[in-house]
Each structure stands twice: as structure tokens, then as C-alpha cells.
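Student: In case you want the letters, here they are:
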Amino acid sequence: MNTITAAGGTGRREKRGPVLRKWVLTLVMTAFGLIMLLPFAWMISTSFKTPLEVFRFPIQWIPDEIVWKHHEKVWTGPGNFVSYYVNSLKVSVISTVGAVAFAALAAYGFSRVKFRGRDAMFFIYLSMMMVPPQILFVPKFVLFDWMGIYNSHLALILPGMFTIFGVFLLRQFFITVPHEISEAAFIDGAGHPKIFWHIILPLAKGPLATLTILDFSWHWNDYENALIFLIDKNLYTVPLGLQNFVLENSVDYNGMMAAATAAMIPMILVFLLGQRFIIEGIANGAVKG
Amino acid sequence: MSRLKKGFSGNNPIGYLFVAPSMIGIGLFYLVPAVMSFVMMFTDYSFMDKGGLHFTGLDNFNRLMEDASFHNAVGKTFIFLMTVPVSILLSFPIAYALNQSVYWSKLLRTLYFLPYIMNGVAIAFVWMLLFHPGQGPINATLRLIGISNPPGWMAQTDTAIFAVAIIHIWIMVGYNMIIYLAGLQDVPKELVEASRMDGARFWHTIRYVTVPLVSPTTFLLLITGFISAIKTFGIIQATTGGGPGESTSVLSIYIYKTAFRYYEMGYASAISWVLFAIVMLVMLLNWIGQKRWVHY
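Protein chains in written order, with the working numbering: chain A, 430 to 718; chain B, 1234 to 1529.
Derived from the structure by calculation, the hints contain no laboratory data. Here the structure is a predicted model, which is why all the values come from computation and not from measurement. Even glycine gets a Cβ: it sits at the ideal position worked out from N, Cα and C. Any given hint might turn out to be false.
[To be verified] With the C-beta cut set under 7 Å, the calculated list includes, among others, these residues of chain B facing chain A:
(1) Val1252
(2) Pro1266
(3) Ala1267
(4) Met1269
(5) Ile1350
(6) Val1354
(7) Ile1411
When you get a sec, could you build the whole thing from the sequences and use the hints?
Tutor: Below, the structure written as C-alpha cells:
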């Protein structure tokens, strides 16, 4: 009798131990995670404060009075974020659509069609992946000036439509699709374009979504290309517009944080909607830039 | 059967059609510029006087030898590379903890990962205010815990590089964590349990079982981390623009300034190939190091 209760007792304690440990670990990790996010909380909180409250310490996370005028300034003032959003959306959407389409075609060619020189061509892709963007900025500047697309959205869109990483990502997936599937379709009379469109693409919905979301976020966040290739303020994308806002309002800290919030909102939405795909892509070797 | 053979083996020219659009784009926006840059590094090409190309041989490289700003940029770049091991060290415990049983682990993963996907310029401006030397919350906190004379961060030449490094670490921790989580999932649970059964302490299991088993991941993170640290531009350009003085002028900033402020494009090309050489060197060192301490 004694032994049974003793055994039962340890059994319960063993059960309770891990549960308690799990809770402690969860709380500790949540606390650290929230500390990581303090800069974002501070940004949002500051964007609703009065100038006098910005640096009040201890930090007043919830202002006495919610002030909307900084957000109004960002969205309606001169050089407002509406036009930056329109520009960024235009550049990001067109670039991403082109990038995904061309990458899917190329990935199919490199993985499922045999042709002379294929491996040599793929080697060029491999080697171009090593080239840091810093090498390309100067010649692209000269090239775009010569092509007449410097200081236009085309300077961002045209190069943005080609992604080496995308070709790699999709090729990696296409390779895993069993060849019997396309061979069967081939015997039924389908050619490569049909197999690509009706068989391979529908199977690759996951990787295509991953590439779309990652590519879109890179274009949305792209600062360096816009900084180098755009001059006119009416062409500015969100990162440049934000920088411009900060330069023109260098002492308006509340406005700066409202502008920073405006720049981040779309990424928060994209991330919440496509988190699974982003994390999958990152784990599959996607590196920013 | 002959139809099948024609479609899948030997030489099917339709393949060229599939890769052509991408190939043209990659050729025009990667290959051609890369070749142009290679040629330009041996010239004194300046965008201001469009006089065509004058080949100056190795003049640009002789100039590099004497250029104190360039030496400074190389030094600052190497200081900035220290962010890589630091962010890897910080991310491993987080990944390890999240891989253990915690509640709402997906939500936690999101919390830690959020900085990585946010707009870098926006992040940079937030941190610029957090680091405000006089009244910023960071220095206010430091004063609170008894540091009466906290650093000037981005306003001070000897601390500015560390301020931008901290931002970069904060961004990269989430990325490293995601990769570590993927790596940890490949660690066989039986191995960890077996070592626990043998009476190994918690720390010993980590030190002698988990860490060696994720060493390929660590190696991967070192390479990709170094390469992305070398290329980092946005958070530095937006916050300090390389200053104060030249205190945060890493190579990517120095190249940008040389090319697009002073329009010395030939010289900037030469510097950009030095940056490329450093990337290659890092990869070579990592590759040699990998043989020594990666345990599969």
C-alpha cells in the first residue's frame, strides 16, 4: 500500500516538475522576447506623445493624452507618405511579379530540361551570387545613365525582376518532383510548357509563395538602390521618403517615430499573413540583400 | 519512346527558351556590370568628366596603399564583423530554449524574429533616438544604474561603431535563431536522452552533444553572417552616414561616398574589389576552419 502511494506520488511529481519548468522557461523567454521588442513599443508610444514627453524618464509607455497630429503630419503634410507608398507598391509589385515568373521559368529549365551548355550557364549563376552588390552599383549607375533609366522607377524595377536566389530556391524544389510525373504527361502528349504550367507550378505553390513574400519584402525595404538611382523626391520609395522626412524634421522626434511606424506597417501585415513562408524561406538559405 | 527520349535527354533546345529571360536579365544586371567594374578598377573613370576610359594600370591600388581613409574603412569593417560571433552566441540559447518544451513557441519565435524583417531604415531611426546621448532612454537607464557618465554612442567617434554594431546584432539574433531552430530539429532526441541517462549534467549534454551536432549550422551562420555584415550599409548610412568623422565609415560606406559623393568611380571600383576579396578570404578561412571544428 505504502509503495503504491509512494510510486503514485513520485509519478505525479515527475509530471508536475516538467510542467512547472515549462512554465518558467516560457515566462523567461517571453520576458526576453518582449525586451527585444521594446524599441518597437517605444517607437509607437513616442509617435502618440507630445514633444515634451519624448524623453521623460522613467519611460511613460502610455501617454497621458493620445496625440494623433504626428501621424496626420506624416500622412497629409508636404511630401507625405501616400506618394511614397504608391511608389513603393508600384516598384515592389512589378519587380516581384517579374522576379517570380522569370525565376520559375529559369528554374524549370535548369532542373527539368536537358540542353547543351546548361551546367555552364548555371555555373555563371552560382558565381554571380558571390558578387557583392557594392561591386555592381558603380557600373549599374553608368549603365543606367547610358540606358536613360537613371532617376526613374525602371532603374529599380528592371534589375529587380531578376533574382538569382529565386532561381536557386525554386530549382531546389523542382528537382525533388519525381521525373515519372512529367514522363507520364509527356507520353500523353504534353510538351514542356504544358508540364511546367499544369503540373510543376501547381505542385510548387509553397515555394512560390515563399519567394513572392520574401522578394516583395526585400523590394519594399530596399534602401540602397533607391538611394543611388533616384533623385527626384516625387519618385522616392518608402525608405527614402522616411530618410527625407527625418532630414526635414530633424528635431521632430514624435514625427520621426510616426514616420518610422508608417514605414513598418506593411511589413508587419506581410509578416503576419505570410510568416510561415518567410520562416521557411529563411531556413532554406535566403539571405537579405 | 523516341518522343520521350527527345524530350528528356540529350539536347532539347526548348530549355534555352525557359532560361532565356532570366539569363538576359542576369547577364545585363549582374554579369555585364561585374565585368565593367573589373575593367573600371584599372581606370581613373570619373562621372564628372565623361572623358571616356583612361587606363591607369595599378594606380588605384597604389593609392589604396597610402589612403588613410581606406585603411580606416578596412579596420572599421573588421570591428563590425565582431557582431557575427556575438549575435550567434546570443541566438543559440534562445533557439535552444524555444526548441525545448515551451508554451506558445511559435509566437515566441515571431517575437524574436520580428526585427529581422522590418524596414532597416526605420529601425535605424528608432535606435538613433534610443541612443540619444543626452536624454535617450538607453543613457537614462545607464544613469539610473549608476553610470554617471554614459557613452555618447553615435555622437562620439570612439563609440559610434559599437552603437551601429548593437543595432546589427539586434537585427541578426532572430535570423540566427531561425537557422539554429532548423539545425536543432535535426539533432536526434535519442542522443540527448542517452547522454542524460548516462548521468551527464545539463551543461555537459549541451557542450558535448548538442553544440558539436549543430556545428554545421554554426559554420553556416558564420559564413552568411560575415558576408552580410561586410555588405551592411543601410543602418549605418541612415544613422551616422559614416560619421562622426570617419568613425563608422566601413568599406560599404566608403565605396558609396567615393563613387556617389566624389564621383571617383574608377577608384570606388577598386575598393569594391577589395571588399570582394575580403568576402572570398572569409569564405576561405571558414572553409579551412570547418575541417577543424565541424563535427558531423
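Student: Each hint: holds or not?
Tutor: Going down the list of hints, with the structure as the test:
no.: 1; hint: Val1252; in the structure: holds, 4 Å
no.: 2; hint: Pro1266; in the structure: holds, 4 Å
no.: 3; hint: Ala1267; in the structure: holds, 5 Å
no.: 4; hint: Met1269; in the structure: holds, 4 Å
no.: 5; hint: Ile1350; in the structure: holds, 5 Å
no.: 6; hint: Val1354; in the structure: holds, 4 Å
no.: 7; hint: Ile1411; in the structure: holds, 5 Å
Checked against the numbered hints given earlier, this structure breaks none of them.
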